[in-house]
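All chains, full assembly: derive it from the sequences and hints.
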Amino acid sequence: MRAHRRHLSDDRLVAVCLEDAALPAERQHLESCDACVARRDRLARTLADVSATLTAEADAAFDAERLARQRARILQRIEQAGRPGRLIAFPASPVHCASLRARSGVRWVAGAAAAGLIIGILTGHLVHVLPGPRAPVSGQAAGSRPAPELHAVSTTLSEEEFLGMLDVAIEGAGGASLRPLDDLTPGIWEIAAAQ
712 MRAHRRHLSD DRLVAVCLED AALPAERQHL ESCDACVARR DRLARTLADV SATLTAEADA
772 AFDAERLARQ RARILQRIEQ AGRPGRLIAF PASPVHCASL RARSGVRWVA GAAAAGLIIG
832 ILTGHLVHVL PGPRAPVSGQ AAGSRPAPEL HAVSTTLSEE EFLGMLDVAI EGAGGASLRP
892 LDDLTPGIWE IAAAQ
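Residue numbers (my numbering): 712 to 906.
In short, the hints are calculated from the structure, not lab data. Backbone N, C-alpha and C define an ideal beta-carbon position, used for all residues, glycine too. None of the hints are false.
The calculated label-pair distances, taken between Cβ atoms and stated as ranges, are:
1) Leu895 with Gly831: 55 to 61 Å
2) Pro802 with Ala771: 34 to 40 Å
3) Gly831 with Asp894: 56 to 62 Å
4) Gly827 with Ser869: 53 to 59 Å
Right, dumping it as structure tokens:
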């Protein structure tokens with residue numbers, strides 16, 4: 712009895728008419744509800760009338776000759792499907808040669824600049840990495856000035872010189888501020904005596 716209270720919607724009835732696949736609950740409802748069966752039959756007749764009308768209009772609009780031409784075109788396209796494509800010229804204005812020359816000049820300038828940059832980088836790298844042979848300087852080429860004599864000077868400080876310089880630095884103007892830290896830091900002799 713519950714199925715009689717709730718009828719099928721028009722959308723579901725159209726789907727049942729077109730697909731002819733009603734759900735089990737819908738089939739059970741259609742078996743027991745005369746109102747829904749009558750609505751379904753009306754919708755089925757309306758859909759059949761619409762289909763027949765549209766088929767007749769399409770047949771009137773597309774005569775046999777036009778359908779034969781369309782069929783021939785379709786068969787021709789199917790036949791050409793296995794062939795390689797053909798190039799169709801697109802109507803366009805002619806290409807201006809001046810713009811191509813300007814681009815060509817810009818390309819040459821850019822290429823020359825890039826080549827110059829690469830050569831410069833490589834040359835700079837090779838000059839610093841690979842020292843070249845040094846030519847001896849002759850007395851005549853050097854001019855009338857005598858070459859200065861070079862004396863060997865020791866750049867290493869003895870331990871006493873270093874400690875003396877350290878004492879001077881500590882007792883200078885900045886040493887007074889470091890004195891409390893120096894007093895807190897144990898000396899090497901204090902550590903050795905403790906052991």
